Structures are given as structure tokens and as C-alpha cells.
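*Asks:* Chain residues, written in single-letter form:
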Amino acid sequence: MNWRQIFTVYRKELRDSLRDKRTLFSMIAFPALIMPAMMIGSILFSMKVVKSAQAELPTVMVIGGENGLALNEALTKSPKLKIVPTTADYARKISEKSVRAAVEIPAGFDAAIAGSNPSAIKIYNYNGELRSGFATGIIERIVDDYRESVVRAKLSERNLPAALVKPFETQRANVAPPEKVGGNALGGIIPYFFIFLSFLGAMYPAIDLTAGEKERGTMETILCSPVGRVELVLGKFFTVLTASLTTMFVSITSLGVSALILVSLMGSGAAKTAARSGAANGALMLDPMGLLAVVVMVIPLAVLFSALLFAIALFAKSHKEAQTYVSPLMIAIIMPAVAAMMPGMDLNAKLALVPIMNVSLVSKEMLTGSFPLGSMSLIFLSSCIYALIALAVAVRMFKRESVIFRS
Amino acid sequence: MIEARNLSKTFSDKKRGEIWAVKDVSFRVQPGQIYGLLGANGAGKTTTLRLLATLLTPTRGTATVAGFDVVARPHDVRTQVGFLAASTALYGRLTARETIAYFGELNGLSKATIVERTAKLSRDLDMDEFLDRRVEKFSTGMKQKVSIARTLIHDPAVMIFDEPTLGLDVLAARTIVRFIRECRARGKTVIYSTHVMSEVEKLCDVIGIVHGGMLRAEGTLTQLREQYRQTDMEEIFVSAVGGEDETAAKENSEPSPNGKAAR
Chain H
181 MNWRQIFTVY RKELRDSLRD KRTLFSMIAF PALIMPAMMI GSILFSMKVV
231 KSAQAELPTV MVIGGENGLA LNEALTKSPK LKIVPTTADY ARKISEKSVR
281 AAVEIPAGFD AAIAGSNPSA IKIYNYNGEL RSGFATGIIE RIVDDYRESV
331 VRAKLSERNL PAALVKPFET QRANVAPPEK VGGNALGGII PYFFIFLSFL
381 GAMYPAIDLT AGEKERGTME TILCSPVGRV ELVLGKFFTV LTASLTTMFV
431 SITSLGVSAL ILVSLMGSGA AKTAARSGAA NGALMLDPMG LLAVVVMVIP
481 LAVLFSALLF AIALFAKSHK EAQTYVSPLM IAIIMPAVAA MMPGMDLNAK
531 LALVPIMNVS LVSKEMLTGS FPLGSMSLIF LSSCIYALIA LAVAVRMFKR
581 ESVIFRS
Chain W
786 MIEARNLSKT FSDKKRGEIW AVKDVSFRVQ PGQIYGLLGA NGAGKTTTLR
836 LLATLLTPTR GTATVAGFDV VARPHDVRTQ VGFLAASTAL YGRLTARETI
886 AYFGELNGLS KATIVERTAK LSRDLDMDEF LDRRVEKFST GMKQKVSIAR
936 TLIHDPAVMI FDEPTLGLDV LAARTIVRFI RECRARGKTV IYSTHVMSEV
986 EKLCDVIGIV HGGMLRAEGT LTQLREQYRQ TDMEEIFVSA VGGEDETAAK
1036 ENSEPSPNGK AAR
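Read top to bottom, the protein sequences are chains H and W.
Just so you know, the first sequence maps onto residues 181 to 587 in the numbering used here.
Just so you know, the second sequence maps onto residues 786 to 1048 in the numbering used here.
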């Protein structure tokens, strides 16, 4: 192995790639600017939507208000609702979103309460619609309060203590350390992000250095020079790997910075409470050791992707053809990474050998502060083996005349 | 020196099975000599030259290039060969100087040697003006000069040219022809392929006529004229490959234009 030649090829390919705007875009501009912009933008936008929905006074209809006078009064008097005159087409109006919800008080409701007979209040809403959901929540609280007041009145009629309504309270208290909470919230998405970006970063240079060379006619030029085939593959491969890792590191940095910006933005707004359990806060509370461990775990994956993309793109004659082959591979990469995000998916001995998914799963663990050393080394080792196999395939492909001079 | 001995190469084709792109080709080229491979498209010229440049491995037979066997020591062969083809393009995003230096480094030359040789080549080829500009903006003629400098940086003993004038305008083609003559003058072994009859007449010391992957005739221009009792190169060529009908029939059954690819 001639390391001087490998380095010569690597340096030339890197220089060549860095002069290519498309490589710079996929390697630096996309992860550094566009992704955080998209992330901050979408979070700010959804916060704005929620805020304006909360600020709106929901319009509500009361059907059969005369059946339950006291409840009707409670609803009408609530400053949180805007009661509008009832019409027969309330269902259509809810669907059209001109009315958020409607409450139906059944006939004989007051009488039923007086006689302690069961009856039911119906709330018509637009299931899944944010504003209708808010209106429903407000109505439910008013109805609950009214029910409680009815029970209290009945208890006092019978000279029983009011505490009987609520014999005990329930309280929630979080005991998990903050990084665990953050890790759980982001445990799935962060490794997925890194895996996807290390793939994306390798994709364009892998195609450009193989199929791109064939297309531009420089492959034959380099092959007739005295550079060894293995040296040439390795020099090119290290360039692809550099691009992959750069993309990943740039994205980590930009994500960290944008999370800081996000928190400072939210900290000043009224949405502080919402932010407390939000993603950005979680990201800040992530265990740095866990994050570092994820990066280490993704490195052999980056090697695997670089070699795999290299071998596949090498077979193609042109950029276009290479992209056709690479696109399905992207789905094959995303699927196992996403599968690990699903709730209830936990690491076991079998899954520890499934490439990509194993890294995604163990990352989830590591980000919540637990480091299963046995699984970690098994996964790291197996990822390395897969990566080496892919690299060996790439070298073999490069030595085949039918691949290099394919027409 | 180049010596090909029963050099043969087969490609497999899905429809027609195994195809002999080059079959039992033997010839010898001495230093200071230009050997011209003349043939129609798909005759096996490119494959023969790619075998000599070790881009492809022969199926049968072998060749010795500058004292090294192409099968046993392909790497050593490449250090002695300068290969220039219509299909050997340059890296557009590198400057002319960077391109020349890259190939110098791959040939194991020291930095000082590269600097010195680049300066000389640039002077000889009149490249000083655009030496530090990126190749992508160059005219065809400028690119040709960079390609020539690229093939000469390691001062190879053997030069292989595969249809180097293909697609070039008259002036750029003349640069190449002049350059090939200079190679001969410096005592290099030169092999050259073309389908242009006039180029062969002007340039070659020995002419080999290839057809259907086989060497059909060989000799100096005078020898070929005597053998076929014709003065016109085109007539000699047609006679050598067995008449126009035969040529047309052969061409229709050829594996691919130029035999440019192994499939």
C-alpha cells in the first residue's frame, strides 16, 4: 500500500470537491443554514399557531339551554366562551369552522339532576382540529365545575362534608434527571438526524468521484497513470468519508447553536411554559457524553455509507444513472433508523446486529444516560465489519473492467 | 519498445455471447518509430491500445512495453507509458499547473522535478499565459496542450495515442501531429491509432491494418503499396480488409462502435 499515492489522490479530490459548488452546498450550506432555519422556522410557526388559537375566543352554541338553566348560565357567563344563537345546522357550522363546538343539554336535564337520575351532556366538536379542541376543553371544565357544584349541593342537603367530592388529590412529580427527560424527547430523532446527514453528505461526492468521472471522461486519464487501483479507491473513499463526517459535524454544531437561539427566543415570549418541556430545552439538557458516544457510533456508519455509495455509484455511467440507484438506498437507510424511533423498540441481542437500526437504538439509550458497554462494543464492532465489507466490495468493483469500462 | 504477442481480448455480449474484440494480434514497434494502427470503427484499435496501456487485461497472449510485461507488471508499464486518447479528458476544476503536478506526483516525481519539468513543458508548449487558470474555461487547443504536458511530465519511453485528433479542428489536430513527430525525434516508441488515411500516410513509419479484431496487413507505406499494387491508402485499406462488401458485412456484425467498452 502506497500511502503517499493515497494522500496525493485524497488531496487532489478534496481540492477538486471544494471547488464544486454542489459539494459545498450538500456538505456545508445545507446542514449549517437550511436545516436549522427549517427547524427554528417550523417550531416558531407552530408556536405562533398555538398562541393565536389560544388567544381566540371560541364561538359555541348551546342546544337545549332551557333544559338546564344553571348550566346554560354558567356557559353563557364564562368569559372564555362566546355563546352565539343556536341554529339547526350547528353540525355544518362546526365543519365549516364558523362555530368551534356545540353543547347539547338533553330534555329534562334539570329534573333528572333533581331526581338524581343519570343523564348525558353531549359536546359536538371537530375532532383533531386545534381550535375546536380548545373550545371543547373549556366547555368540559365548565361542565365539570357545574357537576361538582351539584354534588356539593346534594351533599350539604344531606349534611355530608364537601370533601367527599374529592376524597384525595393526585399530583405528578418528575424524578428523572433533566438529561434523561431531554434524551427521551430527542433520543430517537437525534441519531436519526446524524445517520441521515452522514449519508446525505457522502452522497454527492460519492457520485461525483465515480460516475461523474466516467461521465466527464477523466476516469481513463487517471487509470492510465501509475497510481495503484487500491490507492486510487482509498484516496477517493477518504474524500467521500471526509465529506460525510464534515456534514455531520457541521450539522451538530449548527443544531446546538440553533437550539440556543430557540431557547433564548422562547424564553422572552409568553410561551415559556410550553418551552419548558419542549424540544429545544431538551436538547440543551442532553448529556454531552451521550452525544459524544452517538457521534463515535455514527462514524463506522459513515464509513459504511461512503463505501456503499461509492460502490453503487461506480457502477453507473452518469450522475443521472447513479442517482437512480442511490435513491432507493436512501429509503433503505431511513427505514431502520426510523424504526428505532418507534415507542417500545428496545435494544436486544438480535437487533444489535441489524446495521443502522442498532446504532439508532443504542443511541437512544446513550442519550438517556445509560451506557450498555457490551451492546455498545458489539454494535461498534459489527458496524466496523459491515463498513469493511462494503469497502472491500468497492475495491473489487474498481478492479473489474466490466464496471469501469461499462457502456 | 513495444512487442505484442498473440494479444487477444474477448468481451461477453448478452445477445451474441463471447466476442473477440482483438484476436491474436502480434507486432513490434522500435524506439524512434511511429506505428500506425489503421482501422474502421469497431476494428479493435482502442481495445488493442487499452491492452498495451494496461487499462484492460488480455484474455490470451501478452505484450511487453518498455521491457515490462503488461500482465505481470502493469504498474511498471504505466510508469513508462504516456497515454493520450480522445476519451482522456482533464479535471475541469484544476488549473493546468495543478493537473500537470498531480500526474507528476502520481508518477512519484519529486516536487523540485515537477516544478522544473512543468516550467520546461510550459515553455515548449507555449502555455505560460494560462498555466494557473482552471481547465474548464479552456479552448480545445489549450486543453490539448495541457493533455500533452500531462502525458509527458514523467518523460515516458512509450507513447500511446488513441485517435488523438478525433473531433479536433485543423489547428488543434496539427499541434497533435507535430507533437507526435517530436516524440519520434526524441527516440520514443510511438503507437498511434486512427481511421484517417491521410494521417497515416503522413506520419507513420509502419502501418498495421486491423479489421474484425485481427491484423490484416502490416508494413511500411512503400511495402504496402507494392504488396497491393495501389498508391492510394484508401484503396490499400479496402483491399487489405477484403473488399468493400466484406467490410460492410463485418461492420454490421461488429459488437459496438469502436469496441470502446467491455461489457
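Hint data in this document are derived by calculation from the structure and do not stem from the laboratory.
As the structure is a prediction and not an experimental result, all values here were calculated from the model.
C-beta atoms are modelled at their ideal positions from N, C-alpha and C, and glycine is treated no differently.
Please note that the accuracy of each hint is not assured.
To be verified - With the Cβ distance kept under 7 Å, some of the chain W side facing chain H (calculated, not the full set): (1) T864; (2) Y876; (3) N892.
Unchecked claim - Here are the computed lysine to aspartate or glutamate pairs in the EDC-like style, where the Cα-Cα straight-line distance is at most 16 Å: (4) K277(H) to E309(H); (5) K201(H) to E921(W); (6) K922(W) to E309(H); (7) K257(H) to E309(H).
Said to hold, decoys possible - Far from chain W, by Cβ distances over 12 Å, these chain H residues were calculated: (8) E320; (9) P406; (10) V437; (11) S557.
*Asks:* Beyond 12 Å from every Cβ of chain W: is that where the Cβ of E320(H) lies?
*Replies:* Per Cβ check, E320(H) is outside 12 Å of chain W; nearest 65 Å; holds.
*Asks:* K922(W) and E309(H): Cα distance at most 16 Å?
*Replies:* The hint is violated at about 58 Å.
*Asks:* Can the hint on Y876(W) be confirmed by a CB-to-CB distance to chain H that is less than 7 Å?
*Replies:* Since chain H brings a Cβ to about 6 Å from Y876(W), closer than 7 Å, the hint holds.
*Asks:* Taking the minimum C-beta separation from P406(H) to chain W, is that value above 12 Å?
*Replies:* The assertion about P406(H) is violated, with a minimum of 4 Å to chain W.
*Asks:* Could you grab the alpha-carbon distance between K201(H) and E921(W) and see if it respects the 16 Å cut-off?
*Replies:* Status holds; Cα separation ~14 Å.
*Asks:* Tell me if the straight-line CA distance from K257(H) to E309(H) falls inside 16 Å.
*Replies:* 25 Å, violated
*Asks:* Mind verifying the non-interface call on S557(H)? Its CB should be farther than 12 Å from each CB in chain W.
*Replies:* Its Cβ never comes within 12 Å of chain W, the nearest being 39 Å, so this holds.
*Asks:* Verify the proposed pairing of K277(H) with E309(H), using a straight-line Cα cut of 16 Å.
*Replies:* 9 Å, holds
*Asks:* Beyond 12 Å from chain W, beta-carbon-wise, is V437(H)?
*Replies:* Check passes; 31 Å lies beyond 12 Å.
*Asks:* Given N892(W) as an interface hint, is the shortest Cβ-Cβ distance to chain H below 7 Å?
*Replies:* 6 Å, holds
*Asks:* Does T864(W) pass the interface check with chain H, least Cβ-Cβ distance below 7 Å?
*Replies:* 4 Å, holds
Going through the hint list in order, the structure does not satisfy hints 6, 7, 9.
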